[in-house]
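Residue numbers (the numbering used here), protein chains in the order written: chain E, 520 to 634; chain B, 127 to 240.
Source of the hints: derived by calculation from the structure; they are not laboratory data. Where is the CB? At the ideal position from N, CA and C, for every residue including glycine. Don't take each hint at face value.
[What the hints assert, rightly or not] Label-pair distances were calculated between CB atoms; the ranges are:
#, chain 1, residue 1, chain 2, residue 2, range
1, B, Glu208, E, Leu574, 40 to 46 Å
2, E, Pro558, B, Ile138, 48 to 54 Å
3, B, Thr238, E, Ile629, 20 to 26 Å
4, B, Leu165, E, Glu536, 40 to 46 Å
5, B, Ser191, E, Ser601, 37 to 43 Å
6, B, Gln143, E, Glu536, 20 to 26 Å
7, B, Gln144, E, His633, 44 to 50 Å
8, E, Ser539, B, Gly129, 27 to 33 Å
9, E, Glu536, B, Pro188, 17 to 23 Å
10, B, Pro188, E, Ala571, 36 to 42 Å
11, E, Gln522, B, Glu180, 20 to 26 Å
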Amino acid sequence: GQQLNQSPQSMFIQEGEDVSMNCTSSSIFNTWLWYKQDPGEGPVLLIALYKAGELTSNGRLTAQFGITRKDSFLNISASIPSDVGIYFCAGPTSAGGTSYGKLTFGQGTILTVHP
Amino acid sequence: ETGVTQSPTHLIKTRGQQVTLRCSSQSGHNTVSWYQQALGQGPQFIFQYYREEENGRGNFPPRFSGLQFPNYSSELNVNALELDDSALYLCASSLGGQAHTEAFFGQGTRLTVV
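So that you can see chain E by itself, here it is in the shape it has in the complex (with noise of 0.2 Å):
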């Protein structure tokens, strides 16, 4: 089936500091989804990727879109101590019927912020 392999599992920072993850596919996606989790908390969308190449910006996060459609990478500039959290890559799934808002997720970076 359908795999997300993110990079790294975990990163420990201190404030102020960009911060790069990925997350890579075995097969083509044509849309690639970032979200945040907080502890307790449902999945929040960050950033959302629709064309190959493309690169899509929101507040400090920056996402791109890889030209194999294989990847995709999320960066977060001058981090703060609530980017602390659990960042998740997703992309449409094959199970059948249409694909809208049907998503395999990747098993998540978990990121943490040192004041």
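Given the coordinates of chain E, assemble chain B onto it according to the supplied hints.
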């Protein structure tokens, strides 16, 4: 605009029992998907409901079933609960019939099976 809401937020059940979890979709969304998230893992797709019918299913046994109502709210039912069913159950709503696959999640229901 109201977001996705789930109830209850926490639940404790005994092995072998049945459970029903509820979800109200975001205003304007007609599609509901359910996910199971075990501790330390990413969410796993269970199934999706679109126009009150199941529209795709992940690798979950038949004792996981669901419903969608005319107002697009949804229920997830799990029969014969097992200890491994302990997880955070997430509901996500989206707009079917669109090219994009963005999904917006509720806060989840934490199910503990003892």
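Checked hints:
no., hint, in the structure
1, B:Glu208 with E:Leu574: 40 to 46 Å, "holds, 44 Å"
2, E:Pro558 with B:Ile138: 48 to 54 Å, "violated, 19 Å"
3, B:Thr238 with E:Ile629: 20 to 26 Å, "holds, 23 Å"
4, B:Leu165 with E:Glu536: 40 to 46 Å, "violated, 28 Å"
5, B:Ser191 with E:Ser601: 37 to 43 Å, "holds, 39 Å"
6, B:Gln143 with E:Glu536: 20 to 26 Å, "violated, 48 Å"
7, B:Gln144 with E:His633: 44 to 50 Å, "holds, 45 Å"
8, E:Ser539 with B:Gly129: 27 to 33 Å, "holds, 30 Å"
9, E:Glu536 with B:Pro188: 17 to 23 Å, "violated, 48 Å"
10, B:Pro188 with E:Ala571: 36 to 42 Å, "holds, 38 Å"
11, E:Gln522 with B:Glu180: 20 to 26 Å, "holds, 24 Å"
In terms of the numbered hints stated before, the structure departs from hints 2, 4, 6, 9, listed from lowest to highest.
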